[in-house]
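Make a model of the complete structure from these sequences and hints.
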Amino acid sequence: MSQNETHVLPLKIYLLIFAVLLVMTGVTVQVAYVDLGFMNTVVALGIACFKASLVVLYFMHLRYSSSLPKLFWVAGLLWLAMLITFAMSDYLTRQWIEQPQGWARNRGISIEQVAKQ
Amino acid sequence: MSALTGEDAPPQAPRQHYLNVTYGVRSWLLTLDHKRIGLLYLASITVFFLLGGMFAVMIRAELVTPAGDLLQAETYNKMFTMHGLVMVFFFLIPSIPAALGNFLIPLMIGARDLAFPRLNLLSWYVFIVGGLFTLFAVVQGGVDTGWTFYTPYSSTYSNSAVAATAVGVFITGFSSVLTGLNFIVTIHKMRAPGLTWFRLPLFVWAHYATSLIMVLGTPVLTAAVVLVALEHLLGIGIFDPKLGGDPVLFQHLFWFYSHPAVYIMILPSMGVVSEVISCFSRKRIFGYKVIAFSSLAIAVLGFLVWGHHMFVSGQSVYAGMIFSFLSFFVAIPSAIKVFNWTATLYKGSISYDTPMMYAMGFIGLFTIGGLTGLFLASLAVDVHVHDTYFVVAHFHYIMVGGALMGYMAAIHFWWPKISGRMYPEGWGRFSALVIFIGFNLTFFPQFILGYLGMPRRYHAYPDEFQVLNVMSTAGATILGVGYLIPLIYLIWSMRYGPRAGSNPWKAKGLEWETTSPPPTENFLTTPLVTEEAYAYAAPDVEEQEGARVG
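From first to last, the protein sequence lines stand for chains A and B.
Just so you know, we're using our numbering here: the first sequence kicks off at 1 and counts up by one.
Just so you know, we're using our numbering here: the second sequence kicks off at 1001 and counts up by one.
Hints listed in this document are in silico derivations from the structure and should not be mistaken for laboratory results.
All values reported here derive from a predicted model rather than from experimental measurement.
Among the hints, erroneous ones may be present.
Unchecked claim - The calculated DSSO-like cross-link candidates involving lysine-lysine, where the alpha carbons are at most 27 Å apart (straight line), are:
#, chain 1, residue 1, chain 2, residue 2
1, A, K70, A, K12
2, B, K1189, A, K70
3, A, K70, B, K1242
4, B, K1506, B, K1347
5, B, K1347, B, K1189
6, A, K51, A, K70
What the hints assert, rightly or not - Pairwise CB distance ranges (calculated):
#, chain 1, residue 1, chain 2, residue 2, range
7, B, L1296, A, L45, 26 to 32 Å
8, B, D1387, A, M82, 51 to 57 Å
9, A, F72, B, F1198, 19 to 25 Å
10, A, F72, B, D1069, 53 to 59 Å
11, B, V1312, A, T41, 24 to 30 Å
Ideal Cβ positions, reconstructed from N, Cα and C, are used throughout, including at glycine.
This is the structure we're talking about:
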């Protein structure tokens, strides 16, 4: 407990992390202009998680904390993964079922013929 | 009054306690005492409960006749929306945790306060500000989206005070997170010496699980509300198909929080029932560790079932299968609890004081609510009963029959500790009975209505449904009276009730070892815990039980 409270980081580290955060922001913007298909979202979210982790680890001193706060940090990331995974179980499997083509086409007759009847 | 509460010498109140240590509005509004903040919450949620109840009265009054004659369709939509919003976000979610959890957790773990008293007070103010925004929305003309805020009702086609309400829900979420965080840190760090994890009362375990849901789930609801606002203000395509978005995504984000929110409502009640059943059976709880872990299992599994709200939304049927399967899974820890409570009763020395009556009501009603949940979790059956009164009946059995019964049990069980005085036991039992009868008369007919095909959220219905609807409204009237009786006698008892003494129920637990009402610092000396929770086989209790049997 006491070692968490007394831990002081040199200013240099804070400035370094700040610089990394700025650079990664620039990268996010640049990557947005490159067409990576569905990977655009993955890359953007990956960079965002990396930046958030830097803030949590250094600015919020998690790196120098006991294991309990770290456990909660991991839980937070795990819950985000659960949200994305189970939501994607919907989006990625929607195409698996063949869309109904309409009974007319299944019988080899066109819509126009049906309309005539 | 039962033999349990009888004492030889009339108990005296301590000379100074948390209620009389300071006086005046300022001493309450700026208090850092968790017990006083708990009472601030208790008063506020009671006001919201009455408000939500008034909306319910309007709904039930409209549904007495098949024609939409009392309220116009738009007004009716606003009534059920405001009823749901107020009851869920401003009564049920904060009910047991923020009012009674706040009051009891430090007492139960032998601490002087929560870990962050200022944060605790802040959470109450945040809650009130959120509540005021929602009340402002009522004054603005109400909101008609349903409490679920589904897009595009809440975005493209919103035509009521959605913005003010959404801001209210957004703000209130922070209050929930602050309370949850406070509980987690307090339970980890501030337990009395000797109070190991497996000696904690199950009420504390239940609140730990609840706090995890609050901290891990609430931010997603907040984010969903922000995304609706961003789409509305900046035209970013998130939920609107015209802009490349997907309206079903909103339902994913909403239910990621709002399904676990059901467990925020029910888990604390389960904790209460564990305490009450054990005390009024004079028995150690059956399967302590399993009940403790089943709370955590519910908290985790509860996050993996949200898609069962979306079987007919256009969600992929494969995702539906996964969510259906996992929903059946969550029944296991719930059933474990019910069986363990029943096993605790076995060969117990049972007395039917008011809290016990509510706890017994909880077990029966929660079981019905839980089992009908399995109907709804089945993909094919859900298509038939989705958005009918069957769903309405199901979740009211959980939220009113479960969560609210637990809340009433808790209020009566710990009222002597909170106020230092006893409530009138006869009136207590009478109102518990009235509530049980009124509740079943209100909601059981709705199962039948729903199964017959009456959809929810309409102000008019075909003539053949009238008899069941009149029964339901009659039950709601009885239920309303049942809630007013305790309100009156509890307020009465604050001044005129007989002194309770520190432990009127001869219950186990640290909160009963200090005076009633407790001093501001809870314990004059730090308690030392040397035994497990619910050690009801202690010699003095055995002696008393022997005397009663003899």
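Hints numbered earlier in the text: which of these fail when held up against the supplied structure? 3, 5 and 8
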